[in-house]
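Chemist: Using this note's numbering, the first residue of the sequence shown is number 3, and each one after it goes up by one.
Because the hints were derived from the structure by calculation, they are not lab data. Watch out, some of these pointers could steer you wrong.
Said to hold, decoys possible - When the alpha-carbon atoms are kept at most 25 Å apart in a straight line, the in silico SDA-like pairs for lysine to any residue are as follows:
| id | residue 1 | residue 2 |
| --- | --- | --- |
| 1 | 404 | 68 |
| 2 | 69 | 117 |
| 3 | 206 | 73 |
Said to hold, decoys possible - Okay, the calculated beta carbon distance ranges per label pair:
| id | residue 1 | residue 2 | range |
| --- | --- | --- | --- |
| 4 | 66 | 90 | 22 to 32 Å |
| 5 | 68 | 230 | 36 to 46 Å |
| 6 | 177 | 84 | 47 to 57 Å |
| 7 | 182 | 44 | 25 to 35 Å |
| 8 | 382 | 277 | 41 to 51 Å |
| 9 | 90 | 269 | 35 to 45 Å |
| 10 | 417 | 277 | 40 to 50 Å |
| 11 | 245 | 134 | 21 to 31 Å |
| 12 | 411 | 176 | 45 to 55 Å |
| 13 | 338 | 108 | 27 to 37 Å |
| 14 | 40 | 99 | 30 to 40 Å |
| 15 | 42 | 245 | 24 to 34 Å |
| 16 | 277 | 31 | 43 to 53 Å |
Backbone N, C-alpha and C define an ideal beta-carbon position, used for all residues, glycine too.
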Amino acid sequence: MSKTKTAIIVGGGIGGLVTALKLHSTGVKVRVFESVENIRALGVGINLLPHAVRVLTELGLAEKLGKIGLPTAELCYFNKFGQQIWQEPRGVNAGYHYPQYSIHRGRLQMLLLEAVQEQLGEDAVLTNHHLTSFDSFSDYTVAHFKNKKTGEHVGSYDADMLIAADGIHSVVRKYFYPKEGDPIFSGRILWRGLAEASSFLTGKTMIMAGFQDQKFVAYPVDPETSGDRALINWIAELAIDEEMPSRADWNRKIDKEKFAPAFADWDFGWLNVPRLIRDTNAVYEFPMVDRDPLPAWTFGSVTLLGDAAHPMYPIGSNGASQAILDAEELGKAMKEQPSVKLALKAYEEMRLAATAKIVRSNRKNGPEHVMQIVEERAPEGFDGLNDVISQEELEDITGAYKKIAGFDKHTLNTN
3 MSKTKTAIIV
13 GGGIGGLVTA
23 LKLHSTGVKV
33 RVFESVENIR
43 ALGVGINLLP
53 HAVRVLTELG
63 LAEKLGKIGL
73 PTAELCYFNK
83 FGQQIWQEPR
93 GVNAGYHYPQ
103 YSIHRGRLQM
113 LLLEAVQEQL
123 GEDAVLTNHH
133 LTSFDSFSDY
143 TVAHFKNKKT
153 GEHVGSYDAD
163 MLIAADGIHS
173 VVRKYFYPKE
183 GDPIFSGRIL
193 WRGLAEASSF
203 LTGKTMIMAG
213 FQDQKFVAYP
223 VDPETSGDRA
233 LINWIAELAI
243 DEEMPSRADW
253 NRKIDKEKFA
263 PAFADWDFGW
273 LNVPRLIRDT
283 NAVYEFPMVD
293 RDPLPAWTFG
303 SVTLLGDAAH
313 PMYPIGSNGA
323 SQAILDAEEL
333 GKAMKEQPSV
343 KLALKAYEEM
353 RLAATAKIVR
363 SNRKNGPEHV
373 MQIVEERAPE
383 GFDGLNDVIS
393 QEELEDITGA
403 YKKIAGFDKH
413 TLNTN
């Protein structure tokens, strides 16, 4: 590439910011455009799998990441009575060269924002810029932005490429697929919260309990808590008979009584679920949604990335990690291909089919399918797990998902 290439990234979330860092590392001049006026450390906990941590490590963020993320030691599945179905070490405990982190989404986003501003300059991220439309020409794209609150036009910018990392309600995706409609509702609602509470099991354990229509997930997210106390991220999930909440109600605070009674008896001894819910100040509600895989993401000098490209159920701890892998492949393609258009198509070829497999696998519960099997075979609990499901069946299901999601240990450690 003879001249410096330029990129517009729409969306200042995790995927957009990591993409900015990756493209910058290849010599591309990048600007990130974000709808909100101020990017703040909002949200709850997420998990970063070892393959995503590898990407962030290569970007020079390992030390800072280690200060805000708690290394996950193990993952355990339980039935609704707290009986263990599956246990496996995670991250470095499992022999990976990179840790798995449980981390507060907002703190990770702020770490990435600071890295972008340090490396690309303070003016590399423009807030209060909501994409309204764009014009794509043979070798460049012009994007038009407004202030979302006032509706005022705040500028038009051109670049050699436009990367849409603007989430599940992507403006760019809707332009190319105008008849797609709303995200697809699973029939299940997620309620999320953060609470300081007693630590459980190893103090670095991620647990999932229950089955497809009633599940509870919990894991600590703050490496700075000590003793027998921890900042615990939790998710309660229930199937409902109602329609999907309107988009205006997503991520809203709700009354715990809407779901807490369903978990009133879930005191496992090592984890008191009703107490954890009761001790949480703010609980937020989300419908569990995704979209069907697309036939194409890339159109000339425009492409999709992250949730704009492949929104998936939050199963297998994969959403943020897959957006980070998108960024890695886009950066690699930009370095290897002779033109922007070829690079964007090469990126799509590497990621489109791979992420489609994860979307479809997550619809079948991914590795958490073992919990559903146990519920169906032993709804009243079990005396011996081997009477319900064999070790071989457990290993086949959980191992297959690691390969689908791209974090098979042997493959990752040898690449």
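Chemist: Each hint should be assessed against the structure and marked as holding or not.
Modeler: Outcome of the hint check:
no., hint, in the structure
1, 404 <-> 68, "holds, 23 Å"
2, 69 <-> 117, "holds, 15 Å"
3, 206 <-> 73, "holds, 7 Å"
4, 66 <-> 90: 22 to 32 Å, "holds, 28 Å"
5, 68 <-> 230: 36 to 46 Å, "violated, 23 Å"
6, 177 <-> 84: 47 to 57 Å, "holds, 48 Å"
7, 182 <-> 44: 25 to 35 Å, "holds, 27 Å"
8, 382 <-> 277: 41 to 51 Å, "violated, 25 Å"
9, 90 <-> 269: 35 to 45 Å, "violated, 25 Å"
10, 417 <-> 277: 40 to 50 Å, "holds, 43 Å"
11, 245 <-> 134: 21 to 31 Å, "holds, 29 Å"
12, 411 <-> 176: 45 to 55 Å, "violated, 38 Å"
13, 338 <-> 108: 27 to 37 Å, "holds, 34 Å"
14, 40 <-> 99: 30 to 40 Å, "holds, 37 Å"
15, 42 <-> 245: 24 to 34 Å, "holds, 31 Å"
16, 277 <-> 31: 43 to 53 Å, "holds, 52 Å"
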